[in-house]
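Asker: Sequence:
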Amino acid sequence: MQFEQRKGFDWFSLVVGILFVIAGIASFSHPDKTLHFLAIVVGVAFIFRGIYELWFRRFINAALNESSGWVIFAAILDIILGVIVLVFPGFGALYLAILFAIWFIIDSFMQIKAAKFFRLFHRGYATWLIVLGVISIILGIILLFSPMLSALTIVWLVSVMLIVFGIMHIVQAF
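Numbering (my numbering), first residue to last: 26 to 199.
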């Protein structure tokens, strides 16, 4: 069975694409406000995650018959951290910057560790993974000791992502 689909102009994709591009340009123009907004989003996410963990704790008790004290501790910690980030968004921005740098370093170590598996298939690729992993670790350490650079990197990544998604939606509209 073959379905013939008529392709027309998609106004919704065009509008969404334009809005994404405008948001990306605005976030490039106002990195401080973008970082502040991201800190608020992370704070709200932590609070919701903590509430979810408290709700999920019941299922751990019922299904596994295990003590869930560690889940309660993590949930309360998430809620407290979320409230702190919402009350002190400057702390939230610093927290995001440091968390991003740590994530960058950990991901780089994982990349180097994964290179040993790729060595079996393609030695050159594994070598490149190790070289890029070491460079990424160095960049991660630089970001860790320069939270402002790390924060700007986060804003740039979000801005570029918004613009790219916007362009994709605009192209999809046609």
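Be careful, since some hints might not be right.
To be verified - DEER-style ranges, computed between Cβ atoms:
#: 1; residue 1: VAL66; residue 2: ILE101; range: 38 to 46 Å
#: 2; residue 1: GLY33; residue 2: MET173; range: 20 to 28 Å
#: 3; residue 1: MET173; residue 2: LEU44; range: 25 to 33 Å
#: 4; residue 1: TRP95; residue 2: ARG148; range: 40 to 48 Å
#: 5; residue 1: LEU124; residue 2: VAL189; range: 21 to 29 Å
#: 6; residue 1: ALA70; residue 2: ILE50; range: 36 to 44 Å
#: 7; residue 1: ILE50; residue 2: MET173; range: 37 to 45 Å
Don't read these hints as lab results, they were simulated from the structure. Beta carbons: idealized from backbone N, C-alpha and C, even for Gly.
Asker: Which hint numbers doesn't this structure obey?
Answerer: 1, 2, 6, 7
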